[in-house]
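Line by line, the protein sequences are chains A and B. Reminder that position 294 of the first sequence reads as 294 in the numbering used here, one-by-one numbering, no gaps. Reminder that position 200 of the second sequence reads as 200 in the numbering used here, one-by-one numbering, no gaps.
Dumping the calculated EDC-like pairs for lysine to aspartate or glutamate here, alpha-carbon to alpha-carbon at most 20 Å:
no., chain 1, residue 1, chain 2, residue 2
1, A, K133, B, D302
2, A, K136, B, D311
3, A, K341, B, D217
4, A, K488, A, E315
These are computed hints drawn from the structure, not numbers from a lab.
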Amino acid sequence: MPVKYDVIVIGGGHNGLTAAAYLARAGLKTLVLERRHVLGGASVTEEIFPGFKFSVFSYVVSLLRPEIIRDLNLPLHGLTILPLESTLTPLPNGDYLYRGADHYESYRNIARFSPRDADAYEDYGRMMYFMAKAVKYILGIIPPDPASLHPADLNGLLNLARRFLGLEREQFYTLMRLMTMSSADFLQRWFESEPLLGTLSASGVIGTFLGPRSPGSAYVLLHHYMGEIDGVFRSWGFAKGGTGGIASAIASAARSFGAEIRLNSSVSRVLTRNGSATGVVLESGEEFSAKVVVSSLDPQQTFMKLIDPTLLPEEIVEALRLYVYRGSSGKVNLALDAAPKFACWPGQGPHLRGAISISPGVDYIEHAYDEAKYGRFSSRPYIDIVIPSMIDPDMAPPGKHVMSCFVQYAPYELADGDWDQQREAFGDAVINTLSEYIPNLKDILLYRQVLTPLDIERITGLTQGNIFQGELSLSQLFFLRPAPGLAKYRTPVRGYYQCGSAAYPGGGLSGATGRLAALQILRNEFGRRDKT
Amino acid sequence: MPIPTPFHARTGAICESHEWRNWSGYLAASLYEPTHEREYYAIRNAAALIDVSPLYKYEISGPEAERLVNRIFTRDFSRCAVGQVRYTPWCDDDGKVIDDGTVARLEQNKFRVTAAEANLAWFQDCGYGMAVHVQDVTAELAALALQGPNARLILEPILQEVELKELKYYCFAEGSIRGIPLTISRTGYTGDLGYELWVSPRHALDLWDLLIERGVDFGITPAGILALDIARIEAGMIMNQVDYISSRKALIEEQKSSPFEIGLGWAVDLEKEDFVGRRALIEERRRGSAWRLVGLEVDWNDLEAVFRRWDLTPQVAGRASRSAVPIYRGNRQIGQMTSHTFSPWLKRYIGIGMARSREVREGDAVSVEVTVEYQRLRANAKIVRLPFINLPRKRA
Ligand SMILES: Cc1cc2nc3c(=O)[nH]c(=O)nc-3n(C[C@H](O)[C@H](O)[C@H](O)COP(=O)(O)OP(=O)(O)OC[C@H]3O[C@@H](n4cnc5c(N)ncnc54)[C@H](O)[C@@H]3O)c2cc1C
Numbered sequence: 001m002p003v004k005y006d007v008i009v010i011g012g013g014h015n016g017l018t019a020a021a022y023l024a025r026a027g028l029k030t031l032v033l034e035r036r037h038v039l040g041g042a043s044v045t046e047e048i049f050p051g052f053k054f055s056v057f058s059y060v061v062s063l064l065r066p067e068i069i070r071d072l073n074l075p076l077h078g079l080t081i082l083p084l085e086s087t088l089t090p091l092p093n094g095d096y097l098y099r100g101a102d103h104y105e106s107y108r109n110i111a112r113f114s115p116r117d118a119d120a121y122e123d124y125g126r127m128m129y130f131m132a133k134a135v136k137y138i139l140g141i142i143p144p145d146p147a148s149l150h151p152a153d154l155n156g157l158l159n160l161a162r163r164f165l166g167l168e169r170e171q172f173y174t175l176m177r178l179m180t181m182s183s184a185d186f187l188q189r190w191f192e193s194e195p196l197l198g199t200l201s202a203s204g205v206i207g208t209f210l211g212p213r214s215p216g217s218a219y220v221l222l223h224h225y226m227g228e229i230d231g232v233f234r235s236w237g238f239a240k241g242g243t244g245g246i247a248s249a250i251a252s253a254a255r256s257f258g259a260e261i262r263l264n265s266s267v268s269r270v271l272t273r274n275g276s277a278t279g280v281v282l283e284s285g286e287e288f289s290a291k292v293v294v295s296s297l298d299p300q301q302t303f304m305k306l307i308d309p310t311l312l313p314e315e316i317v318e319a320l321r322l323y324v325y326r327g328s329s330g331k332v333n334l335a336l337d338a339a340p341k342f343a344c345w346p347g348q349g350p351h352l353r354g355a356i357s358i359s360p361g362v363d364y365i366e367h368a369y370d371e372a373k374y375g376r377f378s379s380r381p382y383i384d385i386v387i388p389s390m391i392d393p394d395m396a397p398p399g400k401h402v403m404s405c406f407v408q409y410a411p412y413e414l415a416d417g418d419w420d421q422q423r424e425a426f427g428d429a430v431i432n433t434l435s436e437y438i439p440n441l442k443d444i445l446l447y448r449q450v451l452t453p454l455d456i457e458r459i460t461g462l463t464q465g466n467i468f469q470g471e472l473s474l475s476q477l478f479f480l481r482p483a484p485g486l487a488k489y490r491t492p493v494r495g496y497y498q499c500g501s502a503a504y505p506g507g508g509l510s511g512a513t514g515r516l517a518a519l520q521i522l523r524n525e526f527g528r529r530d531k532t
Numbered sequence: 001m002p003i004p005t006p007f008h009a010r011t012g013a014i015c016e017s018h019e020w021r022n023w024s025g026y027l028a029a030s031l032y033e034p035t036h037e038r039e040y041y042a043i044r045n046a047a048a049l050i051d052v053s054p055l056y057k058y059e060i061s062g063p064e065a066e067r068l069v070n071r072i073f074t075r076d077f078s079r080c081a082v083g084q085v086r087y088t089p090w091c092d093d094d095g096k097v098i099d100d101g102t103v104a105r106l107e108q109n110k111f112r113v114t115a116a117e118a119n120l121a122w123f124q125d126c127g128y129g130m131a132v133h134v135q136d137v138t139a140e141l142a143a144l145a146l147q148g149p150n151a152r153l154i155l156e157p158i159l160q161e162v163e164l165k166e167l168k169y170y171c172f173a174e175g176s177i178r179g180i181p182l183t184i185s186r187t188g189y190t191g192d193l194g195y196e197l198w199v200s201p202r203h204a205l206d207l208w209d210l211l212i213e214r215g216v217d218f219g220i221t222p223a224g225i226l227a228l229d230i231a232r233i234e235a236g237m238i239m240n241q242v243d244y245i246s247s248r249k250a251l252i253e254e255q256k257s258s259p260f261e262i263g264l265g266w267a268v269d270l271e272k273e274d275f276v277g278r279r280a281l282i283e284e285r286r287r288g289s290a291w292r293l294v295g296l297e298v299d300w301n302d303l304e305a306v307f308r309r310w311d312l313t314p315q316v317a318g319r320a321s322r323s324a325v326p327i328y329r330g331n332r333q334i335g336q337m338t339s340h341t342f343s344p345w346l347k348r349y350i351g352i353g354m355a356r357s358r359e360v361r362e363g364d365a366v367s368v369e370v371t372v373e374y375q376r377l378r379a380n381a382k383i384v385r386l387p388f389i390n391l392p393r394k395r396a
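Hey, can you work out the whole structure from these sequences and the hints?
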């Protein structure tokens, strides 16, 4: 007779681990099953090339909930979040736009391109703060029973938010625009200079299959401001040891509370009896039983693969079938023999310790998107770069560096050939683009790891390599995510929960879904309220 | 006007913030960059290079040096071997703390003392009639603290005559770096792995350059007083004239503290023969102390609730505060939080304070004053054990 667990968590990514830590902390007998030989999922650090540690997938942190850091005492388990200082936009003509910690320095830099923009920049930041606050509130008032909700209710919700938040009329209109406009159009209400428009609009397309001129991309901009509303907590940071540092700290905390974690354990099915989850079976055939099973995988796997979809109501199955993943991003990780020298700003400096964005203008990114629309990767992609070894010297041998490049666009579905044939050509496009800005890149390149959306899917299990477990488009947000009726953690199968980033409040390295799912499980299934 | 330290040619050149503090009459950089965040993280993540030359430094030497040292300081130096350092307070006759600092036994009959305030006259007076010599060597010794997890990696290959791995916590050794003779001690004011380097001012700039050159690939970062202040609060280390008032500066009795009251009871050796303040301290031990040092953690959820009344998120300063705020139990003021800061590493708001010893125990719920929109309010807090951060690598 196998041991019976209180809860089994499927997936050892940061959300699964967070859920496990909270459950174990409440005294439940908890087991985490991870398919790979390492923990972390999309927040993993691996030494792919000897001596060089790559944040293989995700690379910066913005939203990791401070209450999770405190509740689980993560610093004592090795978590350190280091500040990411600045954003550099190198330009093809050898110039650059630099925004750093010093407000006035950023002001002067933006003013070189447009004095108006420099002035508007602060207003824009303030406005986004109010928007983020409003949206956080809207998210918070979604009724737990979404049966009463329908897309048509969006207006009603906004009205509600307006009343409760006391948003001024103009702010309310801005919110409506934010929900519907393209990021380029939205930003052009404030700004006129291309480097700033390009770089800001880029954060509206990260992880989505949208261009800066696609309606709906403006909303994604907000995701980058959500961290700001927590005041002293910095919005962007870099985990010491790479993003795997987050998963390993959470795992260490979970173990300290008694959670059991098994690697190399791929779950093939969730076992059910009379419509209730009773345990899981691994691909190896090994079975584990539990009162509650919680999946951190994406909706495709959680509802269509791990359980028999006939256990779900027909309309939910239908919605899940229509749920769009459409991976659009790739990742290229580089091991470098020396520091990269940017043509626009040679030598070392604070610009190498922040984000570096290859986004010289809106047209540049829109062109990159055009290619993807027709099933080709961008020949000159938008690239979001960080050099973790500049911030955490332990990431590479002394004097050497690792460079993380998040690349768009790389459509999951290619028009010609497949990703196994196109992988190196994609890698070349990235290196060639980078070399235009970093002339010494090819001389110092020791190794490159090229990850296509197909690789992301194969390694992490994220369907189609979509980094947010499903497209962040308006039709799939809020209570519609992943399907009406599934927005929260419970599922129609009794004792079966979801805690992956498709559930409220969504993707990124926040841990929020893991925590909230755990608290709900404690309450619903074990009649407990967590201390926090 | 404060004067430059021996490192000023370097620290002055890189101080983008142009923000300086007067530290014992010397110019000390508050921070070098526009914000101190990176300097703080260098302490916890890589290595911070901090100019600590303004510390007062004294040498006590002569046949009766041990006798004098044992008379001044509350710890027993007959058990301190050459090569060891001890952290200790010292008191007046009433057992009230004058200052605190480190004492290194350089030779059998020679000690080096660091102090926050000037103490020459006091030390000399204590040694009146003894065969000892007390000398102020502040200006003769430049000092650099290299603090952070990479400190050892940086020093190991360049430091000669010292086996760094063998240099235990609170020990020191004589060595050299590229021909520059120096003393290196396994000490610091950050609660992290770290060293302090003591060198002749003649070699100060060369030493600085060598360390920067060697440390660049290990994240060495010059750090100012603001970063240090956060780290020392996290490490639960008290500061003279901030967390307690020297009995030589106090204007009234109530302002004075005994070592027991400021959390240094462990550094009082009542067994040893007579030392300044011993009788009073024996008496206090018997009677009990009126005050005690406490660690405080402000309840962040409650802080959020307090700010939410104005529809604000907690606006706490990024810098450590040295302005004391009252601690309450119920409506009664039971003490004051004397140093407080948001800990960027712990993501908690923490503080060090003094409370009436009969009123507090670890784990107690109290509240502290917070000011929101010019109004004085209270946020819940908990009495917690110090230090807030206790890293194994500190002693490793
Ligand atoms: C390339 C890329 C870049 C990104 N960049 C950022 C960024 O910079 N900042 C940010 O905040 N977010 C970023 N994200 C998003 C972020 O990484 C994810 O939202 C987050 O990591 C999701 O965590 P999770 O725990 O919900 O899921 P995952 O991390 O996906 O964890 C799921 C886990 O389940 C395991 N698993 C899968 N199938 C099975 C099975 N059958 N049985 C057992 N285990 C299984 C997987 O191996 C994995 O460990 C990025 C994502 C990608 C892919």
